[in-house]
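Peer 1: Input sequences plus hints: build the corresponding full structure.
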Amino acid sequence: MKNENGIIEALSRDVAEILPSREGLETLMKKRPIRLYLGVDPTSPHLHLGHAIVLRKLRQFQDLGHTVVLLFGTFTAQIGDPSGKDKAREPLTLVQVRANMATYAAQAGMVLDMKKTEVRGNAEWLGKMKFQDVLRLASHITVSRLLERDMFQERLKRGGEVWAHEFLYPLMQGYDSVALNVDLEVGGVDQTFNMLVGRKLVQDYQQREKYVLTIPLLPGPDGRKMSKSLGNVINLSDAPRDMFGKLMAVKDELILPYLEWCARASSKELDDAARFLKGPTNNPKELKVILAKKVVALYHGAKKAADAEREFEKIFAKKELPSDIPRVKVRGNDSVPLAELLVMTGLATSKSDARRLLEQGGIKINGVVERDGKQRIVPRKGMVIQAGPRRFVEIA
Numbered sequence: 039m040k041n042e043n044g045i046i047e048a049l050s051r052d053v054a055e056i057l058p059s060r061e062g063l064e065t066l067m068k069k070r071p072i073r074l075y076l077g078v079d080p081t082s083p084h085l086h087l088g089h090a091i092v093l094r095k096l097r098q099f100q101d102l103g104h105t106v107v108l109l110f111g112t113f114t115a116q117i118g119d120p121s122g123k124d125k126a127r128e129p130l131t132l133v134q135v136r137a138n139m140a141t142y143a144a145q146a147g148m149v150l151d152m153k154k155t156e157v158r159g160n161a162e163w164l165g166k167m168k169f170q171d172v173l174r175l176a177s178h179i180t181v182s183r184l185l186e187r188d189m190f191q192e193r194l195k196r197g198g199e200v201w202a203h204e205f206l207y208p209l210m211q212g213y214d215s216v217a218l219n220v221d222l223e224v225g226g227v228d229q230t231f232n233m234l235v236g237r238k239l240v241q242d243y244q245q246r247e248k249y250v251l252t253i254p255l256l257p258g259p260d261g262r263k264m265s266k267s268l269g270n271v272i273n274l275s276d277a278p279r280d281m282f283g284k285l286m287a288v289k290d291e292l293i294l295p296y297l298e299w300c301a302r303a304s305s306k307e308l309d310d311a312a313r314f315l316k317g318p319t320n321n322p323k324e325l326k327v328i329l330a331k332k333v334v335a336l337y338h339g340a341k342k343a344a345d346a347e348r349e350f351e352k353i354f355a356k357k358e359l360p361s362d363i364p365r366v367k368v369r370g371n372d373s374v375p376l377a378e379l380l381v382m383t384g385l386a387t388s389k390s391d392a393r394r395l396l397e398q399g400g401i402k403i404n405g406v407v408e409r410d411g412k413q414r415i416v417p418r419k420g421m422v423i424q425a426g427p428r429r430f431v432e433i434a
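The sequence shown begins at 39 in my numbering and counts up by one.
By construction, these hints were calculated from the structure, which means they are not laboratory data.
These numbers were taken from a predicted model, which means no experiment stands behind them.
There could be a bad hint or two in this list.
Here are the simulated PhoX-like cross-link-like pairs (lysine-lysine), alpha carbons at most 20 Å apart as the crow flies [unchecked claim]:
1. Lys332 x Lys342
2. Lys289 x Lys316
3. Lys402 x Lys352
4. Lys289 x Lys266
5. Lys306 x Lys331
Peer 2: Encoded structure:
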């Protein structure tokens, strides 16, 4: 169980902070198998590369013989973790939560050994609480402590409101640690506050220590926060070609972090890459190809990674069409507004999304850029519509 080198790597690589101390957690891991968990609110159908960094950390512990719990916020997702925006996050329905949870579990299996993973949902205990239980739970933390949370402070400074149910969220998430009887919680640095609330509740309810291990947040390829609303998310479920193309768009200054966090590059590979980037005549694109192939191979296999590289060169270097353009049938032969056609073909999620793509010059029909979403288009057989650099459909 000791495996000291494995323990050192698990507690150092891709780790932002360990609270209250790395030494205490290391000592515990050398004594016995520990029980740790990651809590995820299934707020969308997809896990992205940022989630994968945390999942890989869990896999490290799993490979060392420790017990990993993957906890889905089947109750908390219906409340919504407070957002950094000026308003509370919209809660999800139970139907949405269950649908997202099913896809999350499948995608988590791309990283974790699901046969050795304990999967739970916090509705098991939070859904059974009576109001007196909630009041008893609330007595373990002060309002002033809750107001210390960064996003609450920022929202109040902007003149926004903080709602009572948002105050309860850290307590609900924190109680998960008590219910699961864990030694360690792993999560992104943005969850530090909630995880420390859980630590206090474990100390209060069970008179023992709970450790917190935080993971750095992976920025999107454009350097902004990785977010579905910003359109810069690289999902684990992305097709190999799409994943490869998105990784080739990573900003030069993010190549090294992506190699370290997403591609699991070795120390030597990172040192070599850093030296390469300093070379005045070296092209960062060469490293991006290495990055993209490594990451795609992790989730889709080496063959599909090689195929994705060839497809990328075909589309971007040789300006040719992909070899496997999806064919889409459009009902009727009448003309339709272009914005509506983009939604019908699945190239846009909504008319507003279509208008955004058109305004950015991201739509081509048979190689010609189109910007007017109101113009009426007759969807003829063989017509090729392109959205952005990587997405194509052909009218069947």
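Peer 1: All hints, please: hold or fail.
Peer 2: Evaluation of the provided hints:
1. Lys332 x Lys342: The given pair, whose Cα atoms are some 11 Å apart, holds under the 20 Å limit.
2. Lys289 x Lys316: 15 Å, holds
3. Lys402 x Lys352: 17 Å, holds
4. Lys289 x Lys266: 18 Å, holds
5. Lys306 x Lys331: Between Lys306 and Lys331 the Cα gap is close to 18 Å, so the pair holds against 20 Å.
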